[in-house]
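Peer 1: Here are the chains, one letter per residue:
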Amino acid sequence: MIFTSAACFAAAVDERWTQAKSAYDQGNYSAARESYEGLVRDGWGGDALFYNLANSYYRLGRSGPARLNYERALAESSGDEDARYNRNLLLARLDLKEDSESPLAPWVSVLTWLFTGLNFVFFGILFFRLSSERGEAGSEASWWAAWGAGLALAVAGGLMIAGWNQSRETWAVVTAPRVEARSAPSDDSGVAFTAPEGQKVAALSESGPWMEIGLPSQGLKGWIKKSDVEPIQLP
Amino acid sequence: MSGKPRRILNVLFLLCFAGLLHAADVSLTAEADKTEVRMDDTITLRVTLSGGDLNGARPVPPEMPGFRAAFAGQSQNISFVNGKVSSEISFTYVLQPLSPGDRTIPPFTVTAGGRTLATAPIAVKVFPGSSGGAAPPSRGSPPSGPAPSTGRPARDLFLTASVNKSTAYVGEPLTLSVRFYSRVSLLSQPGYSPPSLTGFLSEDLPPQSQFVDTFDGRKFSVIELKTALFPASPGVSTVGAAALECRTEDFSNDAMNDPFGSSFFQNFFSNGRQRVLRSDPIKVKVLPLPSEGRPADFRGDVGRYRISAALDRAKTSLHEPVTLTVTIEGEGNINALSTPEPPALAGLKAYETLSSLNIDKSGWKVRGSKVFKTVLKPEVSGRLQIPAIPFSFFDPETRSYRTTQTEPLSLSVAPGEESSVAPAPPAADVRVISRDIRYLKAGPLRRRRTPFGGSNAFWILNLLPWGLFLFFVGVRGLRRRPASEDAAARRARVTARRALKGAEPLLKKGDAPAYLSALEKSLREYWAAKTAASASAVTWEEMSGVLAERAPRPDLERRLRELWDGLQRARYTPGLVTPDDARAQAAAFERLLPELEALWK
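Protein chains in written order, with the working numbering: chain X, 1 to 235; chain H, 1 to 601.
Here chain X stands alone, though its shape is the one from the complex (with noise of 0.2 Å):
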């Protein structure tokens, strides 16, 4: 029973990915975005879905939420090759330049993978070599593979520290058509700034209903409703 109710959802899953593609070529790209939306909100993910969804909201003229989504896909899979193009020809069409990433932040994942699998060859040797017998032929090679293995794992593990504390910078994308960037959060206050939909900004903290947004590239900070702007990284 348990089988035949998961087949089933499975089954439901995959009706709704292939009628948001058929929406898609139909040129119903409302109908696209409302699939691949609902699909999110399930608690779906892959780089697949958040570029489709990006491309529906690029043929519906939303920059701020395709900009989003595509940089969701590149969160995912940063090696996605066609959401980093459809990306970049969006920044194109909107005049806005790729925003300088830290260096490590897109590698995170894959350091973390590289430090998880080092740790296990390192131990792997440890444990043989002690395990076997003293003065038994390849002892010295184990020797010097357990160094080798010990110093890789040292700089994984480095790199992998590093690039955590770089991507603890909370990145998010301005979702409405053109945004004021107050130098405090209140109506009153001046503003600072203006950016335009699908500017990539780093949120840096939040006060009631404001979120203080950051340029780092510009040395610029201020503060827009919360409303006005998505995370990229989803809950």
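Derived by calculation from the structure, the hints in this document are not laboratory data. One or more of the hints may lead you astray.
Stated by the list, open to error - Now the in silico label distances, taken between C-beta atoms and shown as ranges: (1) H/F469 x X/G158: 17 to 23 Å; (2) H/P62 x X/R84: 18 to 24 Å; (3) X/L151 x H/L470: 18 to 24 Å; (4) H/D436 x X/A11: 28 to 34 Å; (5) H/D204 x X/G61: 39 to 45 Å; (6) X/A176 x H/P62: 39 to 45 Å; (7) X/D187 x H/S381: 51 to 57 Å; (8) X/G79 x H/L470: 33 to 39 Å.
Unchecked claim - Straight line, CA to CA, 27 Å or less: simulated DSS-like cross-link-like pairs of lysine-lysine: (9) H/K226 x H/K34; (10) H/K283 x H/K125; (11) H/K441 x X/K21; (12) X/K97 x X/K226; (13) H/K441 x X/K97; (14) H/K165 x H/K361.
On a predicted model such as this, the values are computed, not experimentally measured, just so you know. Cβ coordinates follow ideal geometry from the N, Cα and C atoms, glycine included.
On the provided structure of chain X, position chain H as indicated by the hints.
Peer 2: The following block gives chain H in isolation, referenced to the frame of chain X:
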């Protein structure tokens, strides 16, 4: 002629047309409607670009000190006469003088066909307004002759002017009504001088109407002329005085009081009396267009419009041209409507856009349509899309900006036979026809997951080897001998040496057997400490077995055996042992110790 042959001729015509446009010369001229102007008048400047391949060239207006310039629209003509093609685009500007004196309209420049052209500068004399100072000779000024009596109020004859709104936005249509009230017969056709319309673009609104109206309780015959006005710039603009020059019978008191006087008959047979009637000037407050909510593609069009687009056919073949017709229709200054921004046409080559006007002034309103025709030549086959073309304007009735757009169009292009209609383009290089986003991904769709780094799985996976390692080392340690034995094994060499040193007094006393007995005891204790055995239970067989297990070295085994046998002989035949033998055995033991120690490293 129909079907394919006609289409081929069309293409050939286009090709000839394009070639001729390239071949022709390009020229740029500027012409002002007047070079002497009063402060309350305007100059209409027409800049004309004509010749071959204009290719979207537009003259660049220079800074014009002493004038306020307003762009008043453009018109375009392409003629094809006796096989010769000429193309001409005229740009009209209205210049309002800002101060009297000698002024110059600087040259306009344009770059076309790889050349930069410039118009000749135009010298202009600006006189003070009509209220004072010298005035230029005017076509509207009354001719010489009897001194005319001026204007209103003439009881039986007067001129009025009115505008339907006293406040308007820039570009908002206004209606100027000039009425000529008359109760007397005119002796000749009246001469009408329209008011100066500084700061306005204007369109006549024919026909003039004629009716009877009551004014101050008396009936008048009224002739009304209407003009549509479009304010050109914000501020206060003035509709000048309209003037009407007419000749009426002279019914002045002098002439009429004395019917037998000479003047009565003189007037009766004369040409009557010359009169010039003038209306009052009208001030109009012109508001700037609001900046709030202004669309990015707004280019100054004011009124109420809608835009539509159509292709002359939905199917064609490769390189076989189609015509895209974009029509903007509505109410407003149709003549000055801007050309809609052409969309990015992937796979289609667009030729120059030609425009035509259809203005309807019925009901004394300016309405109509402006039609833009563009020839498109498909360069790739397949289904090509012509995206929606937006058009933004300011609607003065709702006081808001509005954007309307065409429906997207689709054109099906069959592969066709290129050689029959046009030479194939060179295929040497990769040609990028359009840049668009890449298509959807097929999958996979998967459950959203939290990042692996920092997750529980990450910590478990990474701490597990450490835990296993510590567990392994601990168990291994427990399975080994007790710590005290382990420590004894590590100290065995030192202990053996100390024992030998402690026995040296025996040797000095000459008691070699006792020294060797101490040496044997030291060897046994060393071996027992290393193997966790009892010293008394150490035998050569046991030592030999350990040696074979740990490091099968015959040389070491032989030397250890010699030491062991020597010590056993001294034990059983002490009388044969000399101090030198004892020293030799001690030295052999000393040499063996490092090698034996290495067995347990």
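Peer 1: Now tell me if each hint is right for this structure.
Peer 2: Going through the hints against the structure:
Take H/F469 and X/G158: their Cβ atoms lie about 21 Å apart, and the range 17 to 23 Å holds. A hinted range of 18 to 24 Å is violated for the C-beta pair H/P62 and X/R84, which are about 46 Å apart. Between X/L151 and H/L470, the C-beta spacing of about 21 Å keeps the proposed range 18 to 24 Å intact. Remark: the range hint 28 to 34 Å for H/D436 to X/A11 is upheld by a beta-carbon distance near 33 Å.
Between H/D204 and X/G61 the C-beta distance comes to about 43 Å, which sits within the given range of 39 to 45 Å. Take X/A176 and H/P62: their Cβ atoms lie about 41 Å apart, and the range 39 to 45 Å holds. Checked against the given bound of 51 to 57 Å, the beta carbons of X/D187 and H/S381, roughly 56 Å apart, stay inside it. The hinted range of 33 to 39 Å is satisfied by X/G79 and H/L470, whose Cβ atoms lie roughly 37 Å apart.
Our distance criterion of 27 Å between C-alpha atoms is met by H/K226 and H/K34, whose separation comes to about 24 Å. With a C-alpha separation of about 25 Å, the suggested pairing of H/K283 with H/K125 holds against the 27 Å cut-off. The suggested pairing of H/K441 with X/K21 holds, with an alpha-carbon distance near 9 Å, which does not exceed 27 Å. For the hint pairing X/K97 with X/K226, the CA-to-CA distance comes to about 23 Å; that is within 27 Å, so the pair holds.
Distance check on the hinted pair: H/K441 and X/K97 sit about 25 Å apart at the alpha-carbon level, within 27 Å; holds. Taken as a hint, the H/K165 and H/K361 pair is honoured in the structure, with Cα atoms around 19 Å apart against an allowance of 27 Å.
Violated hint for the displayed structure: number 2, the only one.
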